[in-house]
Amino acid sequence: MLIKCPDDIIPSEITSQDLYLRRRDFIKTGVGLFGMAGLGATGLLASSPALAAPKPTPPFSTARKSAFSTADESLTSYQDVSRYNNYYEFGTSKADPSRYADALQTRPWTVTIDGMVKQAKTLSIDDVLKAAPLEERIYRMRCVEGWSMVIPWIGLPLAALLKQVEPLGSAKYVEFYTAVQPDNMPGVRRRVLDWPYIEGLRIDEAMHPLTIMAVGLYGEALPNQNGAPMRLVVPWKYGFKGAKSIVRIRFTDKEPRTSWMKAGPTEYGFYSNVNPEVDHPRWSQAKERRIGDVLKRPTLMFNGYADQVASLYSGMNLKINF
Amino acid sequence: MNLKNPSPRDIALVKTLLFALCLLPLGWLVAGFCADVLRINPFGLPDEVLGANPVETVIRDLGDWALRFLLITLTVTPLRKLTGMHWLVRLRRMLGLFAFFYALLHFNIYLGLDQSYDWSEIAKDIFKRPFITIGMLTFVLLIPLAATSNQAALRAIGGKAWMRLHQLVYPLSVCAVLHYWWMVKLDTTQPAIYAGVLSILLMVRVRDYWRRLRQRY
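So the protein sequences, as listed, match chains B and C. Numbering of the first sequence is given in my numbering, commencing with residue 1 and proceeding in unit increments. Numbering of the second sequence is given in my numbering, commencing with residue 1001 and proceeding in unit increments.
So here's chain C without its partners, still in its complex pose (with noise of 0.2 Å):
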């Protein structure tokens, strides 16, 4: 396989093997809640694999890992410049979508496991709890980016103002990371790790917005 510029066929493939890769999170979680909650234990994984409170595990982990890909979708651009390794940016689409997929069962879960679909009681935590409205706020975000982003939207759009919408996924990110922050009862040191990596990969579009502006003059 040419890493610089590898066919059509090894890009499908890598495209194939990159998705049930970011399934595996998910499995872990589904066979976790099966064997831990649910008791149906075929994998004969050990017990309390998700340890005491499975239900909040699976929310946490859930959260951490469409924050993971939301910033593992923003490092495909720099990657992709320092590599020279351009058709990096196909698989961007999909890990964005996965950004998107866990956020969305990460959501769905708080909204019925730890809700109970109780909406007064989520409508206040909604309004009370800043750490919520600013999750909630991140999800509101992905939606149009979700959206809008098969080739059909992108045309019917129009490539500048597509280009413009999906911009948000900055400051939503900066939102995500908050999220993280704010719900932390006192150790604050993996959010820290979160936005430490989201300042760098933001600084790095600023310096490249620069360098734009300064050839550009």
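Bound conformation, chain B alone (with noise of 0.2 Å):
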């Protein structure tokens, strides 16, 4: 597998911070034009300008573009992005999260990487933004639920967090612990999911160049909602695996028990790849809602990044390893 991506950007190649500052007036002018030639497909956008990003603010707003970023999509406007989550941790309505995740605690914040490892490593949240220099990756991001966003998260390979330890050769996986703070988590009272969440990737899926730690989107540092202040972004896979608001990284040898996987052990895999072809057991994912969108359309084989991640399954039976 041949992965190309520039070592680094000529500064020519850099958007300004101040185009930068507009460049969703250009893709709302874009998202009104395909609105209005495309009504009867996927158009009749509602694509919502009125919530903007707070102001971008080094270091996430110097972030450099990546390679890896997906192109000719148009951006899910910040508000969406912002008030439209999944974090059960405080509540399980999709509005819960940007409601009440003001509460959530993040600074101090460490994380800390043990398990099979030579050495474990306790990393404050500047090292973490120091590990690697900050890039743009414009992703899809495809729920398990069956919608779906364009995001441009902030953010740097997990890879490079990872190689600040050592770890053993006998490690397999790649474990990863959200935060708990019953005082300031009001879904955590309730015991729907097996709190800490829990996620986990082979190493080879946590070291893969799409994989990243997420810091910020649009410029801007992480809002709580979305899992500040670092939270997982794995695209080819369902949104859940992307753990939110890490606080441990643990090395192990056994394939990580995650809390989707205990909560309906025939419902949510390891894997959780996106996959048109493999049904959640109650509903099809042969396509998705992209939000802004009227009518749904269809769900990519891993999401669209087949052609990068297609070889870590060579020879897997992808249905039973859903």
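Errors might be hidden in some of the hints.
[Said to hold, decoys possible] To give an idea of the interface, some chain B residues facing chain C are shown, with a C-beta separation under 7 Å as derived from the structure:
no., residue
1, Asp80
2, Tyr84
3, Cys143
4, Val150
5, Thr252
6, Ile291
7, Val294
8, Leu295
[Said to hold, decoys possible] Here are the simulated EDC-like cross-link-like pairs (lysine to aspartate or glutamate), alpha carbons at most 16 Å apart as the crow flies:
no., chain 1, residue 1, chain 2, residue 2
9, B, Lys163, B, Asp204
10, C, Lys1185, B, Asp279
11, C, Lys1124, B, Glu277
[What the hints assert, rightly or not] Derived DEER-like restraints, expressed as beta-carbon distance ranges:
no., chain 1, residue 1, chain 2, residue 2, range
12, B, Glu277, C, Gln1151, 51 to 61 Å
13, B, Gly264, C, Leu1013, 45 to 55 Å
14, B, Pro58, C, Asp1064, 44 to 54 Å
15, C, Trp1181, B, Glu277, 19 to 29 Å
16, C, Ala1152, B, Arg190, 47 to 57 Å
17, C, Ile1011, B, Gly264, 49 to 59 Å
18, C, Gly1044, B, Ser93, 18 to 28 Å
19, B, Gly264, C, Ala1152, 46 to 56 Å
20, C, Pro1042, B, Ser314, 19 to 29 Å
21, C, Leu1079, B, Asp279, 12 to 22 Å
22, C, Tyr1117, B, Pro265, 15 to 25 Å
23, C, Phe1127, B, Ala171, 52 to 62 Å
24, C, Gly1196, B, Pro58, 30 to 40 Å
These are calculated hints, taken from the structure and not from any lab test. From the three backbone atoms N, C-alpha and C, an ideal C-beta is built for every residue, glycine too.
Starting from two chains that each stand alone, build the complex the way the hints lay out.
Quick look at the structure:
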């Protein structure tokens, strides 16, 4: 597998802050025109400009563009990205996280990388921000519920973070733990999921260049409801694989039992790769509604990232390893 | 107005008001859909009044209202017995028809905006997904009840057979709650509330049935 990524971007390639701030005006205009042109198809777009992103601030606003970004897709509005969330620690409705996540304490913040490593390490959020140059990664995000977004994340390759420690040769998986702050998270009083929220990846998935630790979006620090101060983004997997507000990363030789696997072993598997041919037992995964669209569109294999990631699963039966 | 024994004029007035009231949820969804999706917003509704996924909101709210009207319809008889306001039964048909009306809209918007009238996909959905199967069953069972809700049909079928036919409302209400329960991803609080209300309404019927049996023997 050959994955090319420019090592550095020449200054002239970098969008000026001024242009960056106005970029959604351009998108809005584009969306409007597209909407008028394609009223019948996926048209009738309802991209909403009302809630603007907060003022971009460094280091997030100066993140460099990435060749791994998805091109030719219009971004989901900041309002939708920050107000339509699944973050069950704050409640099970989509509106709960934006309503309650202000209470989340994100500073000081540390993440411990331990388990099957030579020497465990605890990093502060500032260490994480300095572990590698921040990049803007525009990715599709497909929720297992059948909707999707296109989000301009700011983050760094997870590999850069994992390289801060030396894993043992026997380690095969990486496990991620979300923060539990009972006083600040009204949702954890009810045991709808087994807290803390646990997710996991195979090491090769975790080290894949598409996998990032996101620390921001839309040129700004991550809103709390999106998993501040750092959350996992694995664009070819269903959204719930992207554990939010991560406090611990553990190397292990056993396949992690994730919170969703415990909640519904027949419905949520360890891999949870986006796959239009493998349905959720209770609903089809063949289509998705892009937030802002009226009608659904076909879901793409590995969420459209098959070229980059299909080789990770060659020879595997994806119906069994769902 | 005499609550126990209102005049025909009063009942007509109540019916008119109730009719308007029953249309309010639809009015809200239509206004919200126009504002959010079609960008027609004469009433100046706040932005994204139906949320980021307005189509899903519309489908789910219509389903919620169908179920609510079903349960409200089932409340009429116990309420009548409890209060002695026997004229309430004259509101029952309208309430039941509103349950059907909202179910019809719920079903059609699922067909159109969720499935784009892709009939092979819809057929697969109905046969493969238990929650769709049972939702479909609920709707199918509602049809004969709506169709025979008028006086002419009642006379044609005969009172006893008509009563028996309309007892379908009990199993179909259970189906409606199951449809909701099986659809929910994880947090079943909402369907559990509906299940609780329905259980009470059904237990009242069982109790009354036992009482009638005992009186007979």
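Query raised in the report: Is 47 to 57 Å right for how far apart the beta carbons of Ala1152 of chain C and Arg190 of chain B are?
Result: 52 Å, holds
Query raised in the report: Under the criterion that the straight-line Cα-Cα distance not exceed 16 Å, is the pair Lys163 of chain B, Asp204 of chain B satisfied?
Result: Within the cut-off at roughly 13 Å; holds.
Query raised in the report: Is the hint on Thr252 of chain B kept, meaning its closest Cβ partner in chain C is under 7 Å away?
Result: Violated: closest Cβ of chain C sits about 26 Å from Thr252 of chain B, beyond 7 Å.
**Report entry** Asp80 of chain B as an interface hint toward chain C, with CB separation required under 7 Å
**Finding:** Check passed: Cβ of Asp80 of chain B comes within 4 Å of chain C, closer than 7 Å.
Report task. Using the Cβ atoms, figure out if Gly264 of chain B sits within 45 to 55 Å of Leu1013 of chain C. Result -> Holds, since Gly264 of chain B and Leu1013 of chain C (Cβ atoms, about 51 Å apart) stay within the stated range.
Query raised in the report: CB of Phe1127 of chain C to CB of Ala171 of chain B, is that within 52 to 62 Å?
Result: Given range 52 to 62 Å: violated, Cβ gap about 45 Å.
Report task. Starting from the range 18 to 28 Å, see whether the pair Gly1044 of chain C and Ser93 of chain B falls in it by beta-carbon distance. Result -> 25 Å, holds
Query raised in the report: Does the Cβ pair Leu1079 of chain C, Asp279 of chain B satisfy 12 to 22 Å?
Result: Violated, since Leu1079 of chain C and Asp279 of chain B (Cβ atoms, about 43 Å apart) do not stay within the stated range.
Query raised in the report: Is the hinted range of 49 to 59 Å satisfied by the C-beta distance from Ile1011 of chain C to Gly264 of chain B?
Result: This hint holds: roughly 51 Å between Cβ atoms.
Query raised in the report: Taking 16 Å as the top limit, are the C-alpha atoms of Lys1124 of chain C and Glu277 of chain B close enough?
Result: 13 Å, holds
Query raised in the report: Honestly, do Pro1042 of chain C and Ser314 of chain B meet the 19 to 29 Å range at C-beta?
Result: 57 Å, violated
Report task. Confirm or reject the claim that Pro58 of chain B and Asp1064 of chain C have a C-beta distance inside 44 to 54 Å. Result -> Given range 44 to 54 Å: holds, Cβ gap about 46 Å.
In this structure, the hints that do not hold are numbers 3, 4, 5, 20, 21, 22, 23, 24, in rising order.
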